[in-house]
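Undergrad: Here is what each chain is made of, one letter per residue.
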Amino acid sequence: MAKRVALTGNEAVALAMKQINPDVVAAYPITPQTDIVQYFASFVADGQVSSQFVRVESEHSAMSATIGASAAGARAMTATSSQGLALMHEMLHIASSYRLPIVMPVVNRALSGPINIHCDHSDTMNARDTGWLHLYCEDVQEAYDNTFIAMRIAEHPDLLLPVMVCYDGFIISHSLENLIIEDDEVVRKFVGEYKPDRYLLDAANPYTVGPLALYDYFFEHKRQQAEAMFGAKRVVAEVSEAYARATGRGYGFLAPYRMDDAEVAIVVIGSTAGTARTAVDQLRRDGIKAGLVKIRVFRPAPVEEIVAALNPLKAVAVMDRADSFAGFGGPLFSEVRSWLYGRTGVPMANFIYGLGGRDVVVKDVLAVYEHLGKLAAGKAGPEIVHYLGVRE
Amino acid sequence: MGKLTEIRWHGRGGQGAKTASQLLAEAASAAGMYVQGFPEYGPERMGAPVLAFNRLSDGPITLHCHVTEPDVIMVLDPSLIGRSVTAGLTDHAVVIVNTGKTPGEIRGQMGVTGGKIYTVDASRIAVETIGRDIPNTPLMGALIKVTAVVPYEQFMTIMHQQLEDKFKAKPSVIQGNLEAIERAYREVRGE
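Chains as they are written, first to last, in my numbering: chain A, 1 to 392; chain B, 393 to 583.
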């Protein structure tokens, strides 16, 4: 029977990894991901999983070992944060271009400097173009659920691509919350056994991984990789629906909130969506038609879903927990604006917030909606990119 | 969200503010409530001021930010009394301080008119029952008395179970902690 418990985000994700029982985990600890590695190492030491745990000396090696294991035919996982993700960056491209179904929880943390251990999304937004799927989680329950969903998406025979499961450092990773956990049999049946078609240790059917391809074939490989990623949308939808059937908890590409008759809306990723929902409820009590769209699947990009969700609005604000430094807004803003290009003339604003763990309270989100009111009435200034809650 | 109780814990590194917020969240969750328990993380140094937070509700909680206007302020070390403790203090708030002083004396020290102040000598209780000055568990007893956020009998049953799970090898710790909670529940004084 599914059970209601209280766990931190990292405890829940480590538990999900234990229930998946992958063949290989190669990981290096980094705050705020450390608990995952620590708990998983205990599961290995206590014989609660049959996984091989590879102790590596860096995140570059963690990803390299995970890639090696996955190419050999193993179900392989790792986990990281921030500088660790940056250090494995070149290997992220290798994992996706080899079509290796690796799943990696990433506990979002700012990139230095100055040195900071707290949450923002600069780490995973930097990994936007690595060819990985990106699932973002709002709370502990979603971090737990998306870990299983990610595994089945990654290993889907039509896909074979790596997936990051991103959730906010400390805010979710170290926050104790209620969640429903599933029986081992339920999630093991959902994830299924991994039986790769081709793998390096299959001596009877040799094949090559990682060959040289110059201008004669490289571009064709990349085109195929892009095609696979376009096709990932169908797989993400299918697997998420299967998870809803197995557990009763369903997740779409987006999670719209009070959007049916909304006139203005915020687009946001991660734990701030929950805080923003409280702001929406307050505004609705005052008769303001505010709505919210949380993005769960960032890659593959939810283009049609965003167009459908945002089309009838009077003003839209995109909240970015990362900056692109004079790139005309944060990465999410640039993306959402581009997805909407030619499909709507809705006025848009960008709010960069919460860098390095700066707390975002309901009042901050209300300030964004206040700006949206002005924008909808044509009374906002010419500034499009704003910084929320910073001393200037 | 239902009826929401927001709690802010003020302690010093090593006093167990984080543990208290986690134990309370686990206990309230076991009692069927929706919970959050989370600390403010920073450089972890023994003796440095630390904050921890709880949200307890009879409905789902979606807020993911610090508690800025707490319903309950828990002070593990009275030397922390100052602007950080009184920040966001509303008239309906409850302040529970670990001290041998009276609520009136603490009010004078805090220099505030709002809120309702309670005191309990949790450090002395901890030394006498657990053998060490770790005031976090007795303060939970005071919190349960003042707020009744979880009924006392139910809270004690859950705590017994949780302490048994955590300290299988040290039964004396279990008894000491339960006694500490029970004594603070009886000894806490209000204005």
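Everything labelled a hint here was simulated from the structure, so no lab data went into it. On a predicted model such as this, the values are computed, not experimentally measured, just so you know. Check the hints yourself; a few may be wrong.
Label-pair distances were calculated between CB atoms; the ranges are [said to hold, decoys possible]:
no. : chain 1 : residue 1 : chain 2 : residue 2 : range
1   : A       : D261      : B       : G405      : 45 to 51 angstroms
2   : A       : A326      : B       : E556      : 53 to 59 angstroms
3   : A       : E304      : B       : F559      : 52 to 58 angstroms
4   : B       : S564      : A       : E90       : 50 to 56 angstroms
5   : B       : E461      : A       : A45       : 55 to 61 angstroms
6   : B       : R475      : A       : S58       : 40 to 46 angstroms
7   : B       : R524      : A       : R128      : 28 to 34 angstroms
8   : B       : G405      : A       : E392      : 49 to 55 angstroms
9   : B       : M438      : A       : E304      : 50 to 56 angstroms
10  : B       : L396      : A       : Q48       : 49 to 55 angstroms
11  : B       : Q567      : A       : D129      : 40 to 46 angstroms
Dumping the calculated DSS-like pairs for lysine-lysine here, alpha-carbon to alpha-carbon at most 27 angstroms [claimed, not checked]:
no. : chain 1 : residue 1 : chain 2 : residue 2
12  : A       : K233      : A       : K195
13  : B       : K558      : A       : K363
14  : A       : K3        : B       : K493
15  : A       : K189      : A       : K3
16  : A       : K222      : A       : K314
17  : A       : K18       : B       : K493
18  : A       : K222      : A       : K289
19  : B       : K508      : B       : K537
20  : A       : K3        : B       : K508
21  : B       : K562      : A       : K363
22  : A       : K233      : A       : K189
23  : B       : K508      : B       : K493
24  : B       : K395      : B       : K508
25  : B       : K395      : B       : K537
26  : A       : K363      : A       : K374
27  : B       : K560      : A       : K18
28  : A       : K233      : A       : K222
29  : B       : K493      : B       : K537
30  : B       : K395      : A       : K3
31  : B       : K395      : A       : K289
32  : A       : K363      : A       : K289
33  : A       : K289      : A       : K233
34  : A       : K195      : A       : K289
35  : A       : K363      : A       : K379
We treat Cβ as the ideally placed atom computed from N, Cα and C, and that holds for glycine.
Undergrad: Does each hint hold? Answer for all of them.
TA: Hint check:
With their beta carbons about 50 angstroms apart, A:D261 and B:G405 fall inside the hinted range of 45 to 51 angstroms. About 58 angstroms separates the C-beta atoms of A:A326 and B:E556, a value consistent with the hinted range of 53 to 59 angstroms. For the pair A:E304 and B:F559, the beta carbons lie near 55 angstroms from each other, so the given range of 52 to 58 angstroms is met. A beta carbon spacing of about 54 angstroms between B:S564 and A:E90 agrees with the range 50 to 56 angstroms that was offered as a hint.
As the Cβ distance of B:E461 to A:A45 is approximately 44 angstroms, the hint placing it in 55 to 61 angstroms is violated. In this structure, B:R475 and A:S58 meet the distance hint of 40 to 46 angstroms, their C-beta atoms being roughly 43 angstroms apart. Between B:R524 and A:R128, the C-beta spacing of about 50 angstroms breaks the proposed range 28 to 34 angstroms. Against the hinted window of 49 to 55 angstroms, the Cβ-Cβ separation of B:G405 and A:E392 comes to about 33 angstroms, which falls outside the hint.
Our hint of 50 to 56 angstroms for B:M438 and A:E304 holds, since their Cβ atoms are close to 54 angstroms apart. For B:L396 and A:Q48, the hinted distance range of 49 to 55 angstroms is not satisfied, since their beta carbons lie about 37 angstroms from each other. Judged by the Cβ atoms, the range 40 to 46 angstroms given for B:Q567 and A:D129 is violated: they are separated by roughly 59 angstroms. Restraint check for A:K233 and A:K195: the C-alpha separation of about 22 angstroms stays at or below 27 angstroms, so the hint holds.
In summary, the hint linking B:K558 to A:K363 is not supported, as the alpha carbons are separated by about 39 angstroms, beyond the 27 angstroms threshold. Proximity of A:K3 to B:K493 is assessed by CA-CA distance (about 44 angstroms); at most 27 angstroms being required, the pair is judged violated. Of the pairs offered as hints, the one joining A:K189 and A:K3 holds, with about 17 angstroms between alpha carbons and a cut-off of 27 angstroms not exceeded. For a cut-off of 27 angstroms, the pair hint linking A:K222 to A:K314 is broken: about 39 angstroms separates their Cα positions.
About 50 angstroms separates the Cα atoms of A:K18 and B:K493, which puts this hinted pair outside 27 angstroms; it is violated. A C-alpha spacing of about 44 angstroms is found between A:K222 and A:K289, which places the hinted pair above 27 angstroms, so the restraint is violated. Restraint check for B:K508 and B:K537: satisfied, since their Cα atoms lie roughly 14 angstroms apart, inside the 27 angstroms limit. Proposed proximity of A:K3 and B:K508 is contradicted: the alpha carbons are some 38 angstroms apart, above 27 angstroms.
At most 27 angstroms may separate the alpha-carbon atoms for a hinted pair to count; B:K562 and A:K363 exceed this at roughly 46 angstroms. Under the criterion of a C-alpha separation no larger than 27 angstroms, the hint pairing A:K233 with A:K189 is consistent with the structure, at around 23 angstroms. A hinted pair counts as satisfied when its Cα atoms are at most 27 angstroms apart, and B:K508 with B:K493 qualifies at roughly 15 angstroms. Between B:K395 and B:K508 the CA atoms are separated by roughly 20 angstroms; this keeps the pair inside 27 angstroms, and the hint holds.
Between B:K395 and B:K537 the alpha-carbon distance is near 18 angstroms, which keeps this suggested pair within the 27 angstroms criterion. A hinted pair counts as satisfied when its Cα atoms are at most 27 angstroms apart, and A:K363 with A:K374 qualifies at roughly 17 angstroms. Annotation: proposed proximity of B:K560 to A:K18 holds, straight-line Cα distance about 23 angstroms (limit 27 angstroms). For the suggested pair A:K233 and A:K222, the alpha carbons sit about 18 angstroms apart, so the restraint of at most 27 angstroms is met.
Restraint check for B:K493 and B:K537: satisfied, since their Cα atoms lie roughly 19 angstroms apart, inside the 27 angstroms limit. Note on B:K395 and A:K3: the hinted pairing holds, with a Cα-Cα distance of about 24 angstroms set against a maximum of 27 angstroms. Simply put, B:K395 and A:K289 have alpha-carbon atoms about 25 angstroms apart, close enough for the 27 angstroms limit, and the pair holds. For the suggested pair A:K363 and A:K289, the alpha carbons sit about 17 angstroms apart, so the restraint of at most 27 angstroms is met.
Taking the CA atoms of A:K289 and A:K233, the gap is about 31 angstroms. The hint is violated against a cut of 27 angstroms. Taken as a hint, the A:K195 and A:K289 pair is broken in the structure, with Cα atoms around 50 angstroms apart against an allowance of 27 angstroms. The hinted pair formed by A:K363 and A:K379 meets the criterion: a straight-line CA distance of about 21 angstroms does not exceed 27 angstroms.
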